[in-house]
Amino acid sequence: MAEASRWHRGGTPKHNLHYSKEVEIRTTLQELALYFIFLINLCILTFGMVNPHMYYLNKVMSSLFLDTSVPGDERTNFKSIRSITDFWKFMEGPLLEGLYWDEWYTNKTLYDLKNTSRIYYENILLGVPRVRQLKVRNNTCKVYSSLQSLMNECYDRYTSKNEDLADFGLKVETEWKYATPDSTSPWHWGFVGVYRNGGFIFTLSKSKSETKNKFINLQLNSWITRGTRVIFIDFSLYNANVNLFCIIRLVAEFPATGGIITSWQFYSVKLLRYVSYYDYIIASCEITFCIFLIVFTTQEAQKVREFKSAYFKSVWNWLELLLLVVNLLKNTEKYSDFYFLAYWHTYYNNIIAVTIFFAWIKIFKFISFNKTMSQLSSTLSCCIKDIVGFAIMFFIIFFAYAQLGFLVFGSQVDDFSTFQNAIFTQFRIVLGDFNFAGIQQANRILGPIYFITFIFFVFFVLLNMFLAIINDTYSEVKADYSIGRRPDFELGKMIKKSYNNALEKLRLKKPEEGEDEKSAKSGDLVERARREGFDENEIQSAKQMKKWKERLEKKYYSAEIQDDYQPVTQQEFRELFLYAVELEKELHYVSLKLNRVMRKISTLQP
54 MAEASRWHRG
64 GTPKHNLHYS
74 KEVEIRTTLQ
84 ELALYFIFLI
94 NLCILTFGMV
104 NPHMYYLNKV
114 MSSLFLDTSV
124 PGDERTNFKS
134 IRSITDFWKF
144 MEGPLLEGLY
154 WDEWYTNKTL
164 YDLKNTSRIY
174 YENILLGVPR
184 VRQLKVRNNT
194 CKVYSSLQSL
204 MNECYDRYTS
214 KNEDLADFGL
224 KVETEWKYAT
234 PDSTSPWHWG
244 FVGVYRNGGF
254 IFTLSKSKSE
264 TKNKFINLQL
274 NSWITRGTRV
284 IFIDFSLYNA
294 NVNLFCIIRL
304 VAEFPATGGI
314 ITSWQFYSVK
324 LLRYVSYYDY
334 IIASCEITFC
344 IFLIVFTTQE
354 AQKVREFKSA
364 YFKSVWNWLE
374 LLLLVVNLLK
384 NTEKYSDFYF
394 LAYWHTYYNN
404 IIAVTIFFAW
414 IKIFKFISFN
424 KTMSQLSSTL
434 SCCIKDIVGF
444 AIMFFIIFFA
454 YAQLGFLVFG
464 SQVDDFSTFQ
474 NAIFTQFRIV
484 LGDFNFAGIQ
494 QANRILGPIY
504 FITFIFFVFF
514 VLLNMFLAII
524 NDTYSEVKAD
534 YSIGRRPDFE
544 LGKMIKKSYN
554 NALEKLRLKK
564 PEEGEDEKSA
574 KSGDLVERAR
584 REGFDENEIQ
594 SAKQMKKWKE
604 RLEKKYYSAE
614 IQDDYQPVTQ
624 QEFRELFLYA
634 VELEKELHYV
644 SLKLNRVMRK
654 ISTLQP
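Residue numbers (the working numbering): 54 to 659.
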């Protein structure tokens with residue numbers, strides 16, 4: 054029976070269990086240290102790809118091509134284009150002046166204009182700009198029979214099926230002939246359509262005067278027609294001072310409703326990666342990152358093979374797999390198409406941004422030994438079912454209001470012009486960003502009713518229900534922790550123990566007392582008790598009680614093994630019973646001594 058007390062439930066010896074936990078703790082510490090190295094390497098890699106000059110280059114170029122007004126009309130710039138006339142004014146004015154910088158402000162020529170063009174004197178224009186339009190065919194939609202006498206032509210919105218592939222106009226130059234799209238080029242997602250590559254294309258000249266004559270000729274021969282649905286203006290720059298490329302796309306969409314909707318894209322990217330010494334440091338980080346990627350992939354493959362289906366029950370394993378999947382993911386007279394490179398470089402930057410985000414989130418796996426972090430994770434895991442039920446109820450009401458807002462205000466208010474816009478607008482209303490005057494003007498009756506009821510049900514009722522779920526669950530978890538139902542915090546104690554050992558080795562802290570010192574102190578206490586008149590039986594009884602107390606405290610209150618439940622053997626129960634009997638004897642003895650002292654005190658009183 055005594056042998057049984059040495060065993061933990063499941064038949065594992067306690068000293069073996071303690072040893073396995075120590076090994077697990079040390080392994081976790083090693084994984085944490087290795088992961089911190091990986092995280093630091095990843096941060097250096099990601100931040101090394103970003104240059105503060107990217108923002109300023111985009112800002113300078115956008116100010117030049119978007120905010121510069123048409124000469125003689127200060128109200129017209131690219132952002133405010135609303136008609137075909139405004140578009141041609143922009144082409145012959147701000148665009149032409151922005152692309153061709155002929156002379157320095159002192160009217161001196163600084164470089165050979167025949168071989169290169171420079172914007173703001175510092176940004177080399179790579180190749181020549183390109184202008185491209187996409188059209189739709191006539192009769193792609195049907196005119197109501199009663200109105201055919203008024204209008205017999207119908208141009209639908211742009212789709213690949215409605216696109217006009219036939220040559221038109223003069224049919225002599227490339228701008229009048231259809232160019233087949235490249236299958237590898239990405240499509241452009243505009244405000245009113247999704248547009249593919251190809252179309253009717255022409256490139257600008259190196260000469261400012263030739264380009265201006267080109268614009269005049271296209272305008273006189275009606276290059277823009279009723280079937281025109283979008284025009285792209287693409288060009289690329291390179292700034293050697295900061296080693297950055299700026300790829301610019303100006304877009305003018307011609308919706309079927311009439312008018313023009315403008316948009317733009319400015320991509321400042323670093324395509325020449327290894328120029329300075331710092332770039333080679335980034336290259337070494339990239340190599341290290343690839344090594345980490347191979348190591349982590351191998352580790353996760355081993356875990357999947359070892360645990361099989363049980364591997365996918367852990368949230369942290371899913372996060373690690375997500376990290377791995379995210380990671381595995383010269384003629385100057387011609388147009389240099391850098392848009393394809395810029396598009397995929399931006400896509401790559403987005404993947405890296407998502408990777409670094411999940412890499413930081415994964416730290417929660419290693420700091421779960423902290424009491425606060427453990428309470429947070431326990432709270433979220435305990436209330437997940439309630440949150441799912443609440444989310445279903447929340448989104449039923451939320452989407453009902455979004456549909457109501459879209460149908461009532463969609464034709465009047467830009468924030469509700471589409472169902473997607475209505476959804477995001479309602480999230481903004483919850484955060485306090487809303488346009489009450491707009492919805493009130495759109496509908497004087499339903500507008501205030503919609504707004505007041507939405508704020509009441511979503512903001513005051515549903516959000517407070519969500520907070521109540523979190524608060525109640527946190528209170529329950531905190532109560533469980535206060536009565537000892539908590540996970541092991543041995544990793545934190547291991548770190549604290551290692552820290553104390555390091556301080557002791559550096560002689561910055563006194564070492565803890567050993568067994569010999571404790572024995573010596575115990576002997577001193579025994580001698581002191583004899584000098585004060587205690588008999589030998591009392592001294593031996595006290596020593597026996599102390600031994601029992603130390604042994605039982607070590608067994609049941611030690612930090613070496615902390616489980617929510619431990620079975621008690623018959624031998625252990627017998628020892629506890631004898632300990633309780635001895636405690637009762639001691640209490641009885643103490644009571645007798647107190648009674649004796651009280652009697653002596655009473656006899657001394659007069």
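It is worth saying that the hints were derived from the structure and are not from the lab.
Just so you know, even glycine gets a beta-carbon here, dropped at the ideal spot from N, CA and C.
Mixed in with the good hints, there may be bad ones.
[To be verified] Here are the computed distance ranges between Cβ atoms for each label pair:
| id | residue 1 | residue 2 | range |
| --- | --- | --- | --- |
| 1 | Thr310 | Phe477 | 17 to 25 Å |
| 2 | Asn524 | Ile445 | 15 to 23 Å |
| 3 | Met518 | Gln355 | 38 to 46 Å |
| 4 | Leu87 | Leu484 | 38 to 46 Å |
| 5 | Ser316 | Asn205 | 52 to 60 Å |
| 6 | Cys96 | Lys214 | 30 to 38 Å |
| 7 | Gln83 | Phe513 | 46 to 54 Å |
Against the structure, the hints:
no.: 1; hint: Thr310 x Phe477: 17 to 25 Å; result: holds, 23 Å
no.: 2; hint: Asn524 x Ile445: 15 to 23 Å; result: holds, 20 Å
no.: 3; hint: Met518 x Gln355: 38 to 46 Å; result: holds, 44 Å
no.: 4; hint: Leu87 x Leu484: 38 to 46 Å; result: holds, 40 Å
no.: 5; hint: Ser316 x Asn205: 52 to 60 Å; result: violated, 32 Å
no.: 6; hint: Cys96 x Lys214: 30 to 38 Å; result: violated, 48 Å
no.: 7; hint: Gln83 x Phe513: 46 to 54 Å; result: holds, 50 Å
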